[in-house]
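Asker: Residue numbers (this note's numbering), protein chains in the order written: chain A, 1 to 483; chain U, 1 to 483.
Because the hints were derived from the structure by calculation, they are not lab data.
Since the list gives no way to pick one copy over another, a pair counts as held whenever it fits inside one copy or between any two copies.
Within a straight-line C-alpha distance of at most 27 Å, the following computed DSS-like cross-link-like pairs (lysine-lysine) qualify: (1) K362 x K387; (2) K57 x K479; (3) K176 x K4; (4) K480 x K362; (5) K176 x K57; (6) K362 x K479.
The structure displayed is predicted, hence computed values, not measured ones.
2 protein chains.
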Amino acid sequence: MNFKAVLKALGMLLVCEALLMIFPLVVAIYFQGTDISAFFLSILITGLFGVLLSQIKTGKKIMYARDGFAIVSLGWILLSLFGSLPYLISGVIPSFIDSFFEAVSGFTTTSASILTHIEDLPKGILFWRSFTHWAGGMGVIVLTLAMLPSVGSGTVQMLKAEYPGPTPGKLVPQVKETAKILYKIYLFFTLLEIIILKLAGLPLYDAFIHTFGTVGTGGASNMNASVGAYNNINVEVIITIFTFMCGTNFTLYYQILKGDFKAPFKDDEFRFYSVVIITSIILITFNLYGDIFSSLWESLRHSSFQVVSVMTTTGFATTDYNNWGMFSKTILLILMFIGGCSGSTGGALKSIRVLLLLRVMKRELLQVIHPRAVYSVRLGNKTVDEKTISEILGFFFMYILIFMVAVLIISLDNLDWATTITAAVASLGNIGPGFGIVGPMGNYSIFSDLSKLVLSLCMIIGRLEIYPILLLGIPSFWKKTNL
Amino acid sequence: MNFKAVLKALGMLLVCEALLMIFPLVVAIYFQGTDISAFFLSILITGLFGVLLSQIKTGKKIMYARDGFAIVSLGWILLSLFGSLPYLISGVIPSFIDSFFEAVSGFTTTSASILTHIEDLPKGILFWRSFTHWAGGMGVIVLTLAMLPSVGSGTVQMLKAEYPGPTPGKLVPQVKETAKILYKIYLFFTLLEIIILKLAGLPLYDAFIHTFGTVGTGGASNMNASVGAYNNINVEVIITIFTFMCGTNFTLYYQILKGDFKAPFKDDEFRFYSVVIITSIILITFNLYGDIFSSLWESLRHSSFQVVSVMTTTGFATTDYNNWGMFSKTILLILMFIGGCSGSTGGALKSIRVLLLLRVMKRELLQVIHPRAVYSVRLGNKTVDEKTISEILGFFFMYILIFMVAVLIISLDNLDWATTITAAVASLGNIGPGFGIVGPMGNYSIFSDLSKLVLSLCMIIGRLEIYPILLLGIPSFWKKTNL
Chain A
1 MNFKAVLKAL GMLLVCEALL MIFPLVVAIY FQGTDISAFF LSILITGLFG
51 VLLSQIKTGK KIMYARDGFA IVSLGWILLS LFGSLPYLIS GVIPSFIDSF
101 FEAVSGFTTT SASILTHIED LPKGILFWRS FTHWAGGMGV IVLTLAMLPS
151 VGSGTVQMLK AEYPGPTPGK LVPQVKETAK ILYKIYLFFT LLEIIILKLA
201 GLPLYDAFIH TFGTVGTGGA SNMNASVGAY NNINVEVIIT IFTFMCGTNF
251 TLYYQILKGD FKAPFKDDEF RFYSVVIITS IILITFNLYG DIFSSLWESL
301 RHSSFQVVSV MTTTGFATTD YNNWGMFSKT ILLILMFIGG CSGSTGGALK
351 SIRVLLLLRV MKRELLQVIH PRAVYSVRLG NKTVDEKTIS EILGFFFMYI
401 LIFMVAVLII SLDNLDWATT ITAAVASLGN IGPGFGIVGP MGNYSIFSDL
451 SKLVLSLCMI IGRLEIYPIL LLGIPSFWKK TNL
Chain U
1 MNFKAVLKAL GMLLVCEALL MIFPLVVAIY FQGTDISAFF LSILITGLFG
51 VLLSQIKTGK KIMYARDGFA IVSLGWILLS LFGSLPYLIS GVIPSFIDSF
101 FEAVSGFTTT SASILTHIED LPKGILFWRS FTHWAGGMGV IVLTLAMLPS
151 VGSGTVQMLK AEYPGPTPGK LVPQVKETAK ILYKIYLFFT LLEIIILKLA
201 GLPLYDAFIH TFGTVGTGGA SNMNASVGAY NNINVEVIIT IFTFMCGTNF
251 TLYYQILKGD FKAPFKDDEF RFYSVVIITS IILITFNLYG DIFSSLWESL
301 RHSSFQVVSV MTTTGFATTD YNNWGMFSKT ILLILMFIGG CSGSTGGALK
351 SIRVLLLLRV MKRELLQVIH PRAVYSVRLG NKTVDEKTIS EILGFFFMYI
401 LIFMVAVLII SLDNLDWATT ITAAVASLGN IGPGFGIVGP MGNYSIFSDL
451 SKLVLSLCMI IGRLEIYPIL LLGIPSFWKK TNL
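The shape of chain A in the complex, shown without the other chains (with noise of 0.2 Å):
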């Protein structure tokens, strides 16, 4: 590894991160609430380790793909350490391991959260909670572009080979001009749901924090019953609509600008996302209908609300699911394996790739009948390789395992198989609000230190997509580069 490079870019991180801060204290400066202190001093904090580490003078800026995965995975476990410091030294949240839990679950748009009384926090506090949800959807965008396994980008390939190079300064103006228009979309999704939701009724204060969990597909919200406190139609129905629309791929609102309005249904991952949205809001529906909600409307107006936040990997909630039944819950369970679309801010195990996963499966069985014929598995007109089909099959099962041992590590704090079960599938999958005791009324406070380690890691896991994590823990990966 080229550690001072590494060290370098962390500490250009903490200074953005630093900036950041200024937002929360704004707020708190505001709303004269008595957290502007903690933010003070956090700024002061983070800022003050950005410019040290930022100053370090790297030689030959050659950087291999593994510089570019120690970055990522550091990177979002550092911006947590130091993100947590605005909830440790307010004394909102007294423990160390549960401000980070909670900074992780911000930055990775999880929305885990371990906080009870969410109404009677500090207003910076909460706005800080919901802008690294915002911060880090940004943050996941440019990283699928630039780093992250996604089938038809050249991207991967490129920074998997080891040559010496690609230099930062070959790759990052590519990346860089895609990144600027997605940014700008991600803005432009940002203020126009903000005024749509103040338009709706919402104070100008939740308006912001409920796009921010929007459009991050976070789900951090600043009432405890979440969306559903408000009770109000239009704000659910706008929510809903935002959150589909970031848990679609990004690039294909570009390809809109320059004119392809066909290009989202021209798409397969979009396709497959929307059937498996509308038709789990179907059943849901009608499952629903008569044992939990008299009415028809009521019901597809809850379950549409709750498929989409799940979908989408965000995570509010307008009613209590824990009380649905099995079928229904089964349903939402299932959806938060899947999630989102690649290239959106959703998380999970990704639409392309379970899109992909089936398609592999009917390829398989065909192949069994017809040993000699040639079957290819295509997604829109292109043929896709091997090597990629190979990748996402060994994805899903790093995955499963990954679920699994986070499983067994928090089944040693003795709860219920739903809470146990759902909190690494919620926190794997950056949805936040599983069933049981992390249900969507419910958090994460009654788990161990450990536990709540362990949560916090499937949260960074499963935001970066397993592997920049996982390759901190093998030995080979820490060798420093020989320049």
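Since the structure of chain A is provided, determine the placement of chain U on it from the hints.
Answerer: Using the frame of chain A, we list chain U on its own:
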């Protein structure tokens, strides 16, 4: 498909089944039970159908891979259909679906049961139930050999090839030779265990029943409280050792017979299987000590029996492990996915697949760090080829997918999480008891007919390693072969 040849083979299978039913008939007559006439009738009906079908004139004896798959999948279903006759006709199980479920559970060596008052049932019926485990186990050993994807065996590729051959004439002698030896070992284990169990104090009848359940890794008992009913430590140790042995690849015994006594210790899968079992026993022993059992010895006794029983997918129990701590239960749940060795009577994913998946995962991580290095996945001193790896990865995905679909359908019964999830795991993995209502002291009677059918299907799918059953759902599988 070569319909005539397939039907003829199925007919011969039914004749075999009719012959097998003579054994429980003898038992019924000996005990002068109420089930004598039921067996008479069942033998008549099964035999008649069998003889009729086996008279079919086939043309040229050319069979394709898919004909083999058809015989296996339809055969298992047909055996279960006719195998349910004794339950139905004797009136022990009045419902057809329930009888079918019980018969499937028998032949797939699962032991998921809808029966509630076991001790009150006619001895012939209980004998039949356990005898189907034994026959099923016998079938599986040869099946693995001849048909199913197994690493390092050339037979799969042979059968997958669509060349106008392998004619049964070419294939059979080779498989037949090996099968004969394995059958002898199987028979030897059976007789040995019956004798030892008898010496340990079990009534002869009970010794038979539990031996069938052991060597077939089935797990049906003639006691409601399973093996726990005897509270006999010797019996428990004997059964533990024999289940462990029968969860091991039978070809290893063949190698031992040929003088290679180190064969098991050189076998990667056997080592993995043993390490997983020993580690699980240690973890559970310490987890339960103090909380559930006051003596370390008691804790070790029950944990080792249960771990081996679950890992080999047998399903006997000495205690109600539903009451154990969540950590121990989670370990058992994970073992339910892993399962026994390939070439054994055990079910689930199989140790060898899990071992290879773990090695593939390690390889993938190393590959990311050193993209230019070439890593191969090894098993023993052979390199596993990429096609096999991709097949195993695909198998894993299908297994989890089928599991999830099963959970979704049985969730319509609106039972608790533990029951809903583990009923599917325990059926698909051919274990039998799960947790919750389907725990070791519970049963499957609570489920709806739809769920029972789905779970029956899961048992067969799991037993036949997915492909043969899924192929039935593909239209081109049914296309008539042009000869």
